[in-house]
Amino acid sequence: MVWSDRTSEFGNLAEAIRRKQEQNGVQLSQRKLSPANQKSQFSYAAAKISRGVFETSEKLTKLTNMAKNTKLFMDSSAQIEELTFIIKQDIQSLNRELSALDQYVKSSRQPNKQTGDHSETIVGFLNTKLISATKDFKDILEVRTESLKQQQEKKDSFAGYSSNTYSTTIDNPSGTSKTEMRHRNTQTRDDNILYKYDEEEDYDSSAQEHSILMPTELTTTNYTASRLRAAENISSTIHQLEGIFSQLANLVSQQGEVIERIDANMDDTLLNIGRGHDSLVTTLYNISSNRSLIIKIFLVLIIFSIIFIVFFA
Amino acid sequence: MKVYSIGIFKVTPGGKPVLLSIVYELSSFGFFQRGSVKEVSLFVSRETVGRTGVNERVSMEHTQTQKVCHTTVDSKGLGCTVLTDSEYPGRVAHSLIRLALDEFNKVHNESVWRAINTDTELPTPALEQLILKYQNPHEADPMMNLQKNLDETITIVKKTVEQLGQRGEKLEDIASKSDDLSFQSKAFMQNAERMNKCCGYV
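Protein sequences, first through last, are from chains D and P. Number 100 in full-length UniProt numbering belongs to position 100 of the first sequence; there are no gaps in the numbering. Number 162 in full-length UniProt numbering belongs to position 162 of the second sequence; there are no gaps in the numbering.
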C-alpha cells in the first residue's frame, strides 16, 4: 500500500516536470538531444520502469496467495509455474531497462546539478524497489518449495484420497489405469502399478461400517527401477567402503611414522643412559679407590720438602 | 516382515482364475482366525490375479490391514500371488513370485494344469520351502543379503577407524614422553661425565 502511494507521488512529480518542460517550449515527442528533452526522455523511461515494477509486485502478491493456498486438493502448480516464469522474465527485463537508464543518466550531461541528483535518486529508488521485489520473489519460491515438500509428505502418509474419479478403475484396472495415470514423480511407467484401496471386506470380521470403494490415487512403482536402485545402493556403499579403507591406510601410515620417532627417541635415551651409567661407575671407582688421596699426600710432602730444602739451602 | 501365502492360479481371460496350488504361513494369527484368514486370502488372491494383465506386475495394498498382494501373470496363463505385510520389499516379493512360478513349472507339467477347471490342490513341496525361506527377505534375497553384509562391514570399519584415531592420540602422547625422556637422559649423561671429569676435585 505504501508502494502505490509512492507511485502516485512519482507520477505527480513526473507530470510537474513535463509541464515545466512544456512551459519551456519543448515537446515531449521530439527526440533532439537538448537537456530538457533528455529530462523528459528520462522521466518517460523512469515512469515505464516504475509501472513495470509495480505490476511485477502485484503479480508477486498473487503468486504469494496461490503458493500459500496450495493445499492437498488445490494443485494449481501449472499456473504457479507460468506465473513464476512471467515474473522472472519481467524482473529480468526491468533489470535491463533500469541498467540502461542508469547508463543513460551517467553518460548524458545534465544542465544543472539538481536535475542530475534528482535523476540519480530516482534511479536508485527504482533500483531498491526492484531489489526488494526480487527478494520477495525468492522468498515466495522458497515458501513454494516448502509447501510442495509438505504436500509430498502428506500424500505419502495418507492411505488414499479422492483426486480424480478412479472408481471405474476397479472394474477394468489395467486398461484405463495405464491411460489415466498421473505422473506424481518423474518415474517412468512400466508394467508395475501400485493400487491402494479400501474395500468393504470383512477382513478381520468387523462390522461393515466403512464406506464402499473409495476412489483412490494411483502411484507407480517400478520393479526394474527398484532393482537398479538397490544395485546402485550397493555400489555406492562399496565406494564408501573404499574411501574409509583408504583413510584407514593413511592413518596407519601416519602412525607408523610416529612410532618410528618413538623408537629413535628410545634408542637415544638408551645410549645416553648407558654412557651416563658408565661415567658414574668410573666415578664411583675413582672415589672408592685411595689413589687421589695418596697422590695429594705425596704432592703436599714433596712441596714441603722442596720448600724446606730451599729455605735451608 | 512376513510372507503370508503363495498361491498359483490358472488364469483364463474372461473367466475366474482357477486355484492350482496354495501354501500358507499363518503362524502369526491366532488359531481360530486362521480359517477365515485363509478364505479371505484366497478371495483376495483370486480377485487380484484375475485383474492382472499378462506379464504385468501388480502390487495391491489393503490399507485397512496393511497387507499387500503381489501378483504376476505370465504368458502361459499361469498366475502367481504372494501375500505379504506392507513392510516386505516389493522387489523381493516379485523375485519370489518368479521363483515360485519356476518351481511350479518344474514339478507340474503344463498339460497337467491346463485341463484343470476347478480348484485343486497340486502339491508342491518346493513352495512350502520357499515360503519358509523367504520369511526373512534379508537372507533369502541375494541383493539384500549383500547390502546387509556391506552395512555391517561399514559399521565395523568405522569403529576401527575411530579406535585407530584413539591409538594415534596415545602414540602421540608416547612420542612426546619419549622425547622428554631422551632429553632428560642426555642431561643426566652430561652431568655424570662432568662429575667424572673433575672427580679429581672430590
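Derived by calculation from the structure, the hints in this document are not laboratory data. Note that CB positions come from ideal geometry on N, CA and C, so glycine has one too. Honestly, I wouldn't trust all of these hints.
To be verified - In silico contact screen, one side only, chain D against chain P (beta carbon under 8 Å); selected entries:
{"no.": "1", "residue": "Tyr104"}
{"no.": "2", "residue": "Ser226"}
{"no.": "3", "residue": "Ala230"}
{"no.": "4", "residue": "Gly243"}
{"no.": "5", "residue": "Arg261"}
{"no.": "6", "residue": "Thr282"}
Against the structure, the hints:
1. Against a cut-off of 8 Å between C-beta atoms, the interface hint on D/Tyr104 is violated, since the closest Cβ of chain P lies about 63 Å away.
2. With a least beta-carbon distance of about 5 Å to chain P, the hint placing D/Ser226 at the interface is held under the 8 Å criterion.
3. For D/Ala230, the suggested interface contact is upheld, since its CB lies about 5 Å from the closest CB of chain P, less than 8 Å.
4. With 8 Å as the threshold, the beta carbon of D/Gly243 stays out of range of chain P, its nearest partner Cβ sitting at about 10 Å, so the hint is violated.
5. With a cut of 8 Å, the hint placing D/Arg261 at the interface with chain P holds, because the nearest CB-to-CB distance is about 5 Å.
6. For D/Thr282, the interface hint holds, the least distance from its beta-carbon to any beta-carbon of chain P being 5 Å, beneath 8 Å.
In summary, the numbered hints that this structure violates are 1, 4.
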